[in-house]
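Number of protein chains: 2
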Amino acid sequence: MIERAAVLSTGDELTTGRIVDTNSSWIADRLFALGIDVTAVLTVGDYPDRLAWAWKHAFELADVVISTGGIGPTADDLTSEVLARVLGVPLVEDAASAERIRQLFAAFSREMPLNNLKQALMPAGAVVIPNGLGTAPGYRVLHGATHAVVLPGVPREMKPMMEETVLPWLRGLRGDEVYLSRVFQTFGLTESGLDELVAGVVDPAAGRLAFRASFPEVSLRLVVHGRPDEAGARLEAISARL
Amino acid sequence: MIERAAVLSTGDELTTGRIVDTNSSWIADRLFALGIDVTAVLTVGDYPDRLAWAWKHAFELADVVISTGGIGPTADDLTSEVLARVLGVPLVEDAASAERIRQLFAAFSREMPLNNLKQALMPAGAVVIPNGLGTAPGYRVLHGATHAVVLPGVPREMKPMMEETVLPWLRGLRGDEVYLSRVFQTFGLTESGLDELVAGVVDPAAGRLAFRASFPEVSLRLVVHGRPDEAGARLEAISARL
Chain A
-17 MIERAAVLST
-7 GDELTTGRIV
3 DTNSSWIADR
13 LFALGIDVTA
23 VLTVGDYPDR
33 LAWAWKHAFE
43 LADVVISTGG
53 IGPTADDLTS
63 EVLARVLGVP
73 LVEDAASAER
83 IRQLFAAFSR
93 EMPLNNLKQA
103 LMPAGAVVIP
113 NGLGTAPGYR
123 VLHGATHAVV
133 LPGVPREMKP
143 MMEETVLPWL
153 RGLRGDEVYL
163 SRVFQTFGLT
173 ESGLDELVAG
183 VVDPAAGRLA
193 FRASFPEVSL
203 RLVVHGRPDE
213 AGARLEAISA
223 RL
Chain B
-17 MIERAAVLST
-7 GDELTTGRIV
3 DTNSSWIADR
13 LFALGIDVTA
23 VLTVGDYPDR
33 LAWAWKHAFE
43 LADVVISTGG
53 IGPTADDLTS
63 EVLARVLGVP
73 LVEDAASAER
83 IRQLFAAFSR
93 EMPLNNLKQA
103 LMPAGAVVIP
113 NGLGTAPGYR
123 VLHGATHAVV
133 LPGVPREMKP
143 MMEETVLPWL
153 RGLRGDEVYL
163 SRVFQTFGLT
173 ESGLDELVAG
183 VVDPAAGRLA
193 FRASFPEVSL
203 RLVVHGRPDE
213 AGARLEAISA
223 RL
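These protein sequences, in sequence, are chains A and B. The numbering used here puts the first residue of the first sequence at -17, with every later residue one more than the last. The numbering used here puts the first residue of the second sequence at -17, with every later residue one more than the last.
Just so you know, the hints here were simulated from the structure itself, not pulled from any lab data. Heads up, some of the hints might be wrong.
Each pair may be met inside one copy or between any two copies, as identical chains are not told apart.
Unchecked claim - Calculated cross-link-like contacts (lysine to any residue; reagent style SDA-like; alpha-carbon spacing at most 20 Å):
1. K141 with V2
2. K141 with V110
3. K141 with I1
4. K38 with A66
5. K141 with A15
6. K141 with R194
7. K141 with W151
8. K38 with L73
Work the whole structure out from these sequences, hints included.
Here it is in structure tokens:
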């Protein structure tokens, strides 16, 4: 059963503050809509030891780990190599992916630097996730009962791969549990005042409350989790009490 | 010596994809400029066990841990409580902070919900980091030889606290080592082609290369680390070879 996810974001451009990690938030939003709880987002630079650390811990925290970045052709793209080592399996070339990379270069009449074929190397046992908009295919691979999903870091490649392949596959694994949420907007109350008002109204096992303040408005989000009918009824019941 | 930092971002709004974490990137950028290497960014929701997990691991990875979020007045603000438990010390009220919170409410002629005083509770031994723009003060506290810095998640409060208090303090602890970088812009080369061209030119102990592709341009960033004079000379020497 897929209940918990970890998101792994890799790249020196993230840990040196050159770019903002918008991938993780986008992925977390999509997983939340599927009812999958993101237990952690782990972000590390392009160092083998830090990547290995992140993968090992991500596997402990989740039923599925979704990684972005580090699968391009250059020397600082280390994800597949490190993941294979963590999994204890060899890297093998996916012949169809290698052929597609060759064809892409041929189609643009460009000579292919040999290191591009590195992008066709995947941990043994991987299932390809097609990348329609770039040379680096993604893949998923099992580690015990935990799934690893490896995607490129470029958002315009990663997002369609999620939408077209990863999310439908997760939806299939997940069955029909959902998270439902409802936002209540308040005005003129402080966050702390609102918290005092609703204290004790919601049993933590039945639903979770989150506050977000942008004075003079404070929004209160109620989230419940379960099978669609039952969760819907619970959302209504708690909402009526708030 | 402060060489490695971990950034800890907390809040369900991050792990459910409601907002993008811009704090971590901003903090990483400022630390990079000080020559501090961000080994990981750890992001978790408002759960005591996940926060404790993140703090324990952040302490293992770094000489200073910078945390944002989770220090407001509401029930889902758990950072100080969890950190005190990880440190093995009690939470104590900072009298000056409690008084300031009371005064802020009085100044706005608002009744203060009692849970606001929670924001004046800090792990024993903490040193206050003033927050000129909000009710929640930040603080720093030692865990063995590792420093924990706790800041609010609201960017307009967090950023001046970093600029006015945390960064000057870190600069003092850090001494005068710096990171220097230079960006080379290329045109018409692929990222992989560029990687092949520069392979072997830079000894990893002397400098690091990072690529960033936005076809048809690929930028190459060279970063060196050390005392200002020596690092500057090394940057020039490697640049001349590239």
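Hint-by-hint comparison with the structure:
1. Proximity of K141 and V2 under a CA criterion of 20 Å is satisfied in both settings, with 16 Å inside one chain copy and 16 Å between copies.
2. Taking CA atoms no more than 20 Å apart as the test, K141 paired with V110 passes inside one copy only; the shortest distance there is 16 Å, against 42 Å between copies.
3. Taking the shortest Cα distances, K141 and I1 sit within 20 Å of each other both inside one copy (17 Å) and across copies (17 Å).
4. Proximity of K38 and A66 under a CA criterion of 20 Å is satisfied intra-copy only: 12 Å inside one chain copy versus 27 Å between copies.
5. For the identical chains of this complex, K141 and A15 are intra-copy neighbours only, at 15 Å inside a copy versus 32 Å across copies, given an alpha-carbon limit of 20 Å.
6. Taking the shortest alpha-carbon separations for K141 and R194, only the inter-copy value of 19 Å comes in at or below 20 Å, while the best intra-copy value is 27 Å.
7. Taking identical chains as interchangeable, the C-alpha atoms of K141 and W151 lie at most 20 Å apart only when both belong to the same chain, with a minimum of 14 Å there against 41 Å between chains.
8. In this assembly of identical chains, K38 and L73 lie within 20 Å of each other by CA distance solely inside one copy; the values are 18 Å within and 33 Å between copies.
Going through the hint list in order, the structure satisfies each hint without exception.
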